[in-house]
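**Student:** Read off the chains here:
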Amino acid sequence: QQQVKQSPQSLIVQKGGISIINCAYENTAFDYFPWYQQFPGKGPALLIAIRPDVSEKKEGRFTISFNKSAKQFSLHIMDSQPGDSATYFCAASDGLNTNAGKSTFGDGTTLTVKP
Amino acid sequence: SQTIHQWPATLVQPVGSPLSLECTVEGTSNPNLYWYRQAAGRGLQLLFYSVGIGQISSEVPQNLSASRPQDRQFILSSKKLLLSDSGFYLCAWSRAGNQPQHFGDGTRLSIL
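First to last, the sequence lines map onto chains U and D.
For the first sequence, the residue numbers in the numbering used here are 1 to 115.
For the second sequence, the residue numbers in the numbering used here are 1001 to 1112.
Think of the hints as simulated: they come from the structure by calculation, not from any bench.
The reader is advised that the hints may include incorrect statements.
No more than 20 angstroms apart at the CA atoms, straight line, and that leaves these computed lysine to aspartate or glutamate pairs for DMTMM-like [as the list claims (entries may be wrong)]: (1) K102(U) / D84(U); (2) K68(U) / D1071(D); (3) K15(U) / D79(U); (4) K15(U) / D31(U); (5) K71(U) / E56(U); (6) K114(U) / D1105(D); (7) K5(U) / D79(U); (8) K42(U) / D1071(D); (9) K102(U) / E56(U); (10) K42(U) / E1059(D); (11) K42(U) / D94(U); (12) K58(U) / E26(U); (13) K42(U) / E1022(D); (14) K5(U) / E26(U); (15) K1079(D) / E1022(D).
Partial pick of chain D residues on the chain U-facing surface, computed with a CB cut under 8 angstroms [as the list claims (entries may be wrong)]: (16) W1007; (17) R1042; (18) D1085; (19) S1086; (20) L1090; (21) N1098; (22) F1103.
Derived DEER-like restraints, expressed as beta-carbon distance ranges [as the list claims (entries may be wrong)]: (23) K1080(D) / S65(U): 30 to 36 angstroms; (24) R51(U) / S1067(D): 42 to 48 angstroms; (25) S1029(D) / G16(U): 41 to 47 angstroms; (26) Q72(U) / Q1062(D): 29 to 35 angstroms; (27) I12(U) / R1042(D): 30 to 36 angstroms.
Cβ coordinates follow ideal geometry from the N, Cα and C atoms, glycine included.
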């Protein structure tokens, strides 16, 4: 079964610090790697995404680093703020081979940013 | 712009009762549609997905079924709910292929 392994399960960071969440995948056919942010009682929302033709993508304080050979990608949150406290999910999908674009999700990381 | 609606937001049902959760998408046509279940503190489990009207694929065997009677309407149903059906149910859509998925705000289902 296709898997995406996410770590750590939970993370506590001081305000202004860097939060780093890691994901590893197995299926080399995956070609789209999004990160989602979920607040309690809400559905996940797309935060940032990367495709395997680039090694890094940055949007504001959020950066994805992608290592195709290691089959790993990570989310870096710079200058973490209390408002960033949420659950973060990585995902991977194989959109070109299956029209449905099914995503395989990691188990999530609960981030707490302390003021 | 595109929006996705899910209802109800919360639902409490007795064991053995039927279930119908509805999801509709506005502002796009022929979307891929998905139903997920999320257990407390856990990840997202894909239950069903659909690439077109009447086309439903099931990911895991379960007590639930899904239907897509219209292009932008996705329904999750059960004839008899089990205690294990409790959870947070999320509907999502995507344009197609390797594109982001957009989630609704979910339905919190409690089975008593």
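**Student:** Decide, hint by hint, whether the structure agrees.
**Tutor:** Hint-by-hint comparison with the structure:
no. : hint                                  : result
1   : K102(U) / D84(U)                      : violated, 27 angstroms
2   : K68(U) / D1071(D)                     : violated, 37 angstroms
3   : K15(U) / D79(U)                       : holds, 7 angstroms
4   : K15(U) / D31(U)                       : violated, 33 angstroms
5   : K71(U) / E56(U)                       : holds, 14 angstroms
6   : K114(U) / D1105(D)                    : violated, 26 angstroms
7   : K5(U) / D79(U)                        : violated, 25 angstroms
8   : K42(U) / D1071(D)                     : violated, 24 angstroms
9   : K102(U) / E56(U)                      : violated, 23 angstroms
10  : K42(U) / E1059(D)                     : violated, 23 angstroms
11  : K42(U) / D94(U)                       : violated, 26 angstroms
12  : K58(U) / E26(U)                       : violated, 24 angstroms
13  : K42(U) / E1022(D)                     : holds, 17 angstroms
14  : K5(U) / E26(U)                        : holds, 9 angstroms
15  : K1079(D) / E1022(D)                   : holds, 15 angstroms
16  : W1007                                 : violated, 13 angstroms
17  : R1042                                 : holds, 6 angstroms
18  : D1085                                 : violated, 19 angstroms
19  : S1086                                 : violated, 16 angstroms
20  : L1090                                 : holds, 5 angstroms
21  : N1098                                 : holds, 3 angstroms
22  : F1103                                 : holds, 3 angstroms
23  : K1080(D) / S65(U): 30 to 36 angstroms : violated, 47 angstroms
24  : R51(U) / S1067(D): 42 to 48 angstroms : violated, 33 angstroms
25  : S1029(D) / G16(U): 41 to 47 angstroms : holds, 45 angstroms
26  : Q72(U) / Q1062(D): 29 to 35 angstroms : holds, 32 angstroms
27  : I12(U) / R1042(D): 30 to 36 angstroms : violated, 20 angstroms
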